[in-house]
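Read off the chains here:
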Amino acid sequence: MDEGRVSRRNALRYLGLLTASAAGREFLASWLPMQLVRGDEHRAPVTISGMHHEIQEPEPVVKYAPQFFNADEFRTVEILAAMIIPTDEAPGAKEAQVANYIDFVVFSAAEFEPLLQKKWIDGLAFLERESQRQFSKSFRDVDQADRVKLLTDMSAPERNPNVKHDGFAFFSVVKDMTVEGFYTSKIGLIEVLDYQGMNYMPDFPGCTHPEHH
Amino acid sequence: MTTQTIYDVIVVGSGASGGVAAYTLASKGLKVLCLEAGRMIEPHKDFHNHKPPYRWPYRGHGKPGQYGKLPQGMEWKINEWTDQLFTIPHDDPYALAPGAKFTWTRLRAVGGRTLVWGRESGRFGPLDFKPKSLQDGFGEDWPLSYEDLEPYYDKIEALIGMSGGGEEVYNSPASKNALPAFNARCGELLIKKGAAKLGMKTVSMPLAVLSKPYDNRLACHYCGACNFGCDTASRFSTLEVLFPKIQKMPNFTLRTNAVVNRVLMDRNSGKACGVSFIDATNNQEYEVFGKAVVLGASMVESLRILFNSRNREFPQGLANSSGTLGRYLMEHVAFNQLSGFFPELAGRPSTNDDGPGANSLYIPRFNFEKNNKFLRGYRFTVETGCSMGPGPGAELPGFGSAYKKRIKELYPAAVNIGGYGEGLPFEWNFVEIDPDGLTDRFGIPQVRFHTNAEYDNAFALRDEMYGQMEEILRVSGAELLPYEKRNPYPMGSVTHEAGGARMGDDPKKSVLDGWNRCHDIKNLLVVDAAAFVSHPEKSITLTIMALAVRACEHLMEELRLSA
Chain A
180 MDEGRVSRRN ALRYLGLLTA SAAGREFLAS WLPMQLVRGD EHRAPVTISG
230 MHHEIQEPEP VVKYAPQFFN ADEFRTVEIL AAMIIPTDEA PGAKEAQVAN
280 YIDFVVFSAA EFEPLLQKKW IDGLAFLERE SQRQFSKSFR DVDQADRVKL
330 LTDMSAPERN PNVKHDGFAF FSVVKDMTVE GFYTSKIGLI EVLDYQGMNY
380 MPDFPGCTHP EHH
Chain B
27 MTTQTIYDVI VVGSGASGGV AAYTLASKGL KVLCLEAGRM IEPHKDFHNH
77 KPPYRWPYRG HGKPGQYGKL PQGMEWKINE WTDQLFTIPH DDPYALAPGA
127 KFTWTRLRAV GGRTLVWGRE SGRFGPLDFK PKSLQDGFGE DWPLSYEDLE
177 PYYDKIEALI GMSGGGEEVY NSPASKNALP AFNARCGELL IKKGAAKLGM
227 KTVSMPLAVL SKPYDNRLAC HYCGACNFGC DTASRFSTLE VLFPKIQKMP
277 NFTLRTNAVV NRVLMDRNSG KACGVSFIDA TNNQEYEVFG KAVVLGASMV
327 ESLRILFNSR NREFPQGLAN SSGTLGRYLM EHVAFNQLSG FFPELAGRPS
377 TNDDGPGANS LYIPRFNFEK NNKFLRGYRF TVETGCSMGP GPGAELPGFG
427 SAYKKRIKEL YPAAVNIGGY GEGLPFEWNF VEIDPDGLTD RFGIPQVRFH
477 TNAEYDNAFA LRDEMYGQME EILRVSGAEL LPYEKRNPYP MGSVTHEAGG
527 ARMGDDPKKS VLDGWNRCHD IKNLLVVDAA AFVSHPEKSI TLTIMALAVR
577 ACEHLMEELR LSA
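Protein sequences appear in the order of chains A and B. Numbering (our numbering) for the first sequence: 180 to 392. Numbering (our numbering) for the second sequence: 27 to 589.
In case anyone wonders, no lab produced these hints; they're calculated from the structure. Think of the CB as a built atom: it goes at the ideal place given N, C-alpha and C, for glycine as much as any other residue. Warning: the hint list may mix true and false statements.
Restraint-style ranges between C-beta atoms, simulated for each label pair [stated by the list, open to error]: (1) Thr387(A) with Asn242(B): 28 to 38 Å; (2) Ala304(A) with Pro471(B): 44 to 54 Å; (3) Ser376(B) with Val352(A): 27 to 37 Å; (4) Asp301(A) with Gly91(B): 17 to 27 Å; (5) His388(A) with Glu395(B): 33 to 43 Å; (6) Asp462(B) with Arg254(A): 45 to 55 Å; (7) Asn309(B) with Thr387(A): 51 to 61 Å; (8) Asp332(A) with Pro471(B): 52 to 62 Å.
One side only, chain B facing chain A, incomplete, derived with CB under 7 Å [stated by the list, open to error]: (9) His76; (10) Arg85; (11) Arg211; (12) Leu215; (13) Ala251; (14) Asp380.
Straight-line Cα separation of at most 27 Å, BS3-like style, residue types lysine-lysine; simulated pairs [to be verified]: (15) Lys548(B) with Lys242(A); (16) Lys273(A) with Lys89(B); (17) Lys434(B) with Lys365(A); (18) Lys535(B) with Lys548(B); (19) Lys89(B) with Lys242(A).
Make a model of the complete structure from these sequences and hints.
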């Protein structure tokens, strides 16, 4: 499984190649003292210090505090994100803290894209109204099956473009931002999708399936 | 008291055109001053090509709306990896006439847009230089032929270092000085087999990326992030490949933060005698003098300098006796890609498909038969496999665990197909200095675009391309996701803008002659894409560079003879 990746031996070979050329030496000099680091974690490759490689991401010291949504709204955002990308055999939006990302991006939209803030405020209000109308409770207190029903209704135009739903625009924003936030997180991109790129490879084998050649 | 230095040549710009011009002239011993509007770049500090999205505050996308609106698929141009290199439109705006669209990507730094360019490096073919006489009577022929430029293609390929592109295809000549092609990904091989059933040839993509060590540079390490810069200089840039060869020469001077605003003219001789520039660090204006001036500031900037150099003899812009300056702007016919997936690759373990950062294969133009639907032709590229995004599954309807599992299943099976068509030159696609007086941050009059890429031929090309792309995916065994047909993207969107000071034999219909010299001012050259007469479906940078070498070697000979 690790064949295409820079193994310790290959990394050393790679460094040998670097030092063999004048340009390589000059290039290396910019990151001395040089360190080869072997990651033991899942998907942590051998890497070279100074190359912007991800080794171990330190946990933030301060817990993220929502800057845009109030506590109730933020809880709704957490519920929505976890409905789009739930935790199953693999981690989901909850573990990847997608709600934090959404809050941060929506908060930051004030400068150039304030419409995004309005979409969220209006959308969350819509969700509450629908929830009260259909289930006589806040969306946060509705049970999961009813939540799924509501989101399924809102997303109907996805499956049939002839159908209209007042909540579809909001559903799309929630889905887009959750997908974006999850699959650009380390958990979504590396752990779940197993993206192996942005890495050092001594060679690029291309397709390794004999049947496709 | 100091005497003013008279350089042999003043080169404006340090990217594909200016950088190659400066190298060509300085490496042969001429006294060259190269003026770059931006700063020096230090790759190990300024490039972030190994930084994953989750290390950026906005996961690489920037603050919402921060970079303005770019057409879908063009978001790679400005992002958190590269925004320190680019000029952000709302920080320093340019003007658009009512209804006009133009996506102007400005990168002011040593190396210009070669720092983050797409690296496709195919040659134009014999028909591309003679579209009027050898294809269909539309537009104008170039004042040179493929055979005239061929030796310079050979030279520039050897200089920049490239891989692939070794197969000869009708009107898409093979690269001659190239390293072995990169290996193809599974999806690319499936497309190759499918396209063959339709009689379309799929060949290795000529890329200015090293598949083997070359010229003291390391081979590609396959991180796939070339669009964010390259910390090992394994893809060509003028910054890392050409400037190191000349920077220690006593006859070469590079001045950064020098924003050129005008070409200076000698009243008596009618020749160019230098340029004036504003130093971006102190806003002071300076003048420098040379025996010849070479503009390679990028298509729009070179045109802007000529317009802003208007004087008594040339009230409509310098060297504009023809009235064609700023006109006949062109860009590739481009629109959204089609996405899909290969069922036979679904559910397999992920692989590292980043490779050389671009597709290893492509489908060159194949239709040269006359048809009554459109002029010229197009080509296709495909991107396949695991990428730095969730892939085709995310585009499907639904949410929840089943949706998430489908994303994972289809992740290694992704395929995107896109294409570029030949853009046509029209007089009414033009740029001028903004008549309402917009200036840039240095007070230099800014341009206004009058450009529209939504013309009949573009729509006709587009319609056939959509159909062909669907067909290619279908015969290759891929399932296509639903898509919307888009109008052709605004000019500049592909960053392949060209024209505005076109070459030609007739001084009444062109700005430049066959050696990139202004018809009106023979010691003033324009060596960037402004010189282009037509805009084939191929990428344009290799041809910009080959033309720059040819023009500068000719200029050297002229200077030698006049000495």
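Hints versus structure:
1. Thr387(A) with Asn242(B): 28 to 38 Å: holds, 31 Å
2. Ala304(A) with Pro471(B): 44 to 54 Å: holds, 48 Å
3. Ser376(B) with Val352(A): 27 to 37 Å: holds, 29 Å
4. Asp301(A) with Gly91(B): 17 to 27 Å: holds, 18 Å
5. His388(A) with Glu395(B): 33 to 43 Å: holds, 36 Å
6. Asp462(B) with Arg254(A): 45 to 55 Å: holds, 51 Å
7. Asn309(B) with Thr387(A): 51 to 61 Å: holds, 57 Å
8. Asp332(A) with Pro471(B): 52 to 62 Å: Holds, since aspartate 332(A) and proline 471(B) (Cβ atoms, about 56 Å apart) stay within the stated range.
9. His76: This interface hint holds because 4 Å falls under the 7 Å limit.
10. Arg85: holds, 4 Å
11. Arg211: holds, 6 Å
12. Leu215: holds, 5 Å
13. Ala251: holds, 6 Å
14. Asp380: With a closest approach of 4 Å, the aspartate 380(B) hint holds.
15. Lys548(B) with Lys242(A): violated, 67 Å
16. Lys273(A) with Lys89(B): holds, 23 Å
17. Lys434(B) with Lys365(A): holds, 15 Å
18. Lys535(B) with Lys548(B): Measuring from Cα to Cα gives roughly 16 Å; hence the hint holds.
19. Lys89(B) with Lys242(A): Status holds; Cα separation ~21 Å.
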